[in-house]
Amino acid sequence: MLPSLYNQKMKIMKATDNTVKKTFPVLQMSCASCAISAESIVKGLKGVVNASVNFATATLAVEYLPDEISPENMRDAIQDGGYDLFIEEDRNTTAETLEEIHRKKFGDLKRRTILAIVLSIPVVTIGMFFMHMSYANEIMWVLSTPVIFWLGKDFFINAWKQAKHRSANMDTLVALSTSVAYLFSVFNTLFPDFWITRGVEPHVYFEAASVIIAFILLGRLLEEKAKGNTSSAIKKLMGLQPKTVTIIQEDGSHNQIPIENVNIDDLILVKPGEKIAVDGRVTEGTSYVDESMLSGEPVPVLKEADEKVFAGTINQKGSFCFKAEKVGSETMLAQIIKMVQEAQGSKAPVQKLVDKIAGIFVPVVISIAVVSFIVWLVLGGSGGFTHGLLALVTVLIIACPCALGLATPTAIMVGVGKGAEKGILIKDAESLELAKKINAVVLDKTGTITEGKPQVTDILWLNNDDSPKAALLSLEKQSEHPLAEAVVRYFDAEASIPASGFESITGKGAKGFVGGQLYFAGNYKLLNDNNIVINEALGKKAEELSSQSKTVIWFADDKQAIAVVAIADKIKATSQTAVRELQSSGIEVYMLTGDNESTAKEIAARTGIKRYKAEVLPQQKAEFVKQLQAEGKIVAMVGDGINDSTALAQADLSIAMGKGSDIAMDVAKMTIISSDLTKIPEAIKLSRQTVTTIRQNLFWAFIYNLIGIPVAAGILFPINGFLLNPMIAGAAMALSSVSVVSNSLRLKWKK
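Take the sequence shown: its position 694, counting from 1, is numbered 694 in our numbering, and each next residue is one higher.
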């Protein structure tokens with residue numbers, strides 16, 4: 001013990017100096033126990049300081065001494081254990097190659113599954129209904145052989161590799177049960193007299209062996225399909241950054257350079273419609289910048305001299321210059337990318353109940369089968385060997401894990417399909433299982449609780465005379481201000497009159513001549529600066545609208561105000577109902593928004609949300625989710641924008657609105673196609689139903705084993721002389737599979 005502790009201490013001390021930390025994709029893992037096995041293999045290698053395999057992300061995070069071990073050595077060890085390690089250095093190439101590997105693997109698995117089912121159907125038909133026809137055994141032998149040793153060869157290869165490392169998994173049980181059933185059937189086909197002379201009918205079990213392979217392949221195919229959607233969120237976030245930027249030289253000339261060559265204090269020119277490359281501060285010019293990827297708010301922000309700008313945000317119609325302050329990994333966009341990566345990688349893989357049970361189930365079944373044979377051999381008298389061999393085969397056949405392999409995938413497949421019918425897209429099985437445990441839901445405001453698009457909500461004309469509306473439309477059509485678009489959409493069907501002498505007044509509004517008359521459209525300051533009279537009724541209406549957290553636009557001629565227009569982001573019709581349903585089911589609801597305090601308070605009050613935070617940045621959203629998790633809550637984050645991606649990745653369950661950004665949908669585990677919040681309570685209810693079905697399936701998958709294995713071993717023989725026939729064991733195995741699939745299909749018709 002002491003030398004061992006000393007060696008560990010020396011290893012850690014040595015590691016502090018020259019270690020290398022890297023992350024590699026791990027291939028060929030099919031269950032959570034595979035991750036544990038792969039991790040233990042790497043940890044046991046000399047030169048490895050620490051290793052962790054994440055099943056959820058299929059990656060190995062390893063710290064090692066490069067002088068003692070290389071990634072190639074790790075790959076060789078992993079491959080020897082039945083898995084594979086991808087050590088390509090180029091990240092872009094890696095992503096493309098991994099996607100290609102997944103496509104090839106899925107295509108190969110699909111072909112093998114279909115062929116196995118096609119070959120198994122006639123074997124089952126003959127074995128059940130035409131077993132006494134001429135050459136029945138030989139035909140079944142010919143058809144089942146390619147199913148077992150060609151289409152199912154991976155089970156035997158992986159079982160052998162597991163055995164070399166003194167471990168066992170589902171592949172071990174599949175390989176044992178099918179090989180014993182097959183070899184037993186071959187023996188009975190070639191030497192039937194061996195049993196006939198002993199008064200036993202020489203049954204064959206080719207159909208049981210081939211059906212086992214076909215069913216397990218089907219289960220693997222369903223699982224692989226569920227895991228098939230790889231996230232491209234990081235790639236899309238990186239795509240927000242332009243590849244080149246325009247640098248202003250000291251002599252005033254412009255030079256286009258790659259973004260990697262940008263340095264702090266460089267002067268950068270941003271043209272209309274361009275993405276901002278790095279973080280900095282405006283030095284010259286003005287424009288509106290779409291910062292929705294940071295704040296989530298739909299209204300672009302006015303940028304003037306000395307205002308901060310951020311990488312990944314999008315310039316609107318104006319041009320400006322800014323000085324670079326943060327470049328490369330220091331920009332806010334780079335920090336968001338890093339946080340998404342860390343949040344996704346830090347998620348612990350869900351330990352599937354099936355894998356946990358299989359870790360005990362497999363060796364127990366093998367032990368029972370062997371012990372049964374030995375007990376019969378010792379205590380069974382003259383027929384001990386015969387009965388012992390039958391008991392061995394019967395135990396392994398009845399304990400076949402085909403129902404166990406189908407229990408979760410079939411329920412998940414039906415649950416995911418039912419969700420899709422209701423407009424709820426579910427990305428993986430883990431999120432569907434986890435949703436039932438949610439006790440806290442965090443909602444983004446813009447685009448989630450609200451529509452996410454500024455709209456004209458109110459308009460009051462002086463003396464109810466709306467005849468100047470064509471003039472208002474003409475001014476707003478020429479305005480660069482984002483809120484002008486809401487007015488243009490509102491009057492879309494109206495005909496406008498050409499405006500002349502148009503002038504945009506930064507921070508205030510715009511003015512211009514329409515039909516020879518001067519008009520103004522903008523804020524109160526614009527009217528005040530031009531000594532325009534405001535009617536008392538219009539003034540009171542403006543105050544009322546402002547108190548409701550709406551943005552007010554004044555419209556006036558050169559003498560008096562003639563209209564007041566209110567613009568706001570409307571609350572979705574279903575938001576209040578959804579919040580009420582969540583709260584009534586015992587789930588705490590929170591709202592986070594980048595908007596101001598007064599608007600947040602108003603939205604929260606109108607939707608019945610008791611807890612909210614305003615003026616929140618993306619990092620703060622993720623921190624808020626972490627804080628709730630630290631309090632022991634299981635958190636669901638619901639959002640629609642790039643700014644929500646870090647919080648979505650951090651949450652236990654991430655839900656995106658279908659009308660939001662692609663990145664939010666990529667990071668999220670669920671997507672609500674219609675962006676209707678009432679679908680969230682429905683998704684939680686669907687999760688509860690699916691998990692209940694999975695548990696029922698596992699019950700049916702094991703009840704036959706719990707009852708059948710002792711009977712197959714011969715426990716009833718001393719009592720009443722009953723010994724279970726392997727044929728009945730095969731039928732029980734098939735019945736367990738049928739009951740599991742049938743129970744999963746019942747989920748379709750549940751409300």
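Take these hints with a grain of salt, some might be off.
Said to hold, decoys possible - Computed list of lysine to aspartate or glutamate pairs in DMTMM-like fashion (alpha-carbon distance at most 20 Å, straight line):
no.: 1; residue 1: K570; residue 2: D676
no.: 2; residue 1: K750; residue 2: E682
no.: 3; residue 1: K453; residue 2: E433
no.: 4; residue 1: K469; residue 2: E451
no.: 5; residue 1: K559; residue 2: D466
no.: 6; residue 1: K323; residue 2: E304
no.: 7; residue 1: K613; residue 2: E631
no.: 8; residue 1: K559; residue 2: E581
no.: 9; residue 1: K572; residue 2: E602
no.: 10; residue 1: K525; residue 2: E536
no.: 11; residue 1: K323; residue 2: E274
no.: 12; residue 1: K477; residue 2: D466
no.: 13; residue 1: K453; residue 2: E480
no.: 14; residue 1: K164; residue 2: D154
no.: 15; residue 1: K437; residue 2: D154
no.: 16; residue 1: K110; residue 2: E100
Just so you know, these hints were derived from the structure itself, not from any lab.
Item to check | Numbers of the earlier hints that this structure fails to satisfy, in rising order | outcome: Of the numbered hints, 3, 4, 8 and 15 do not hold.
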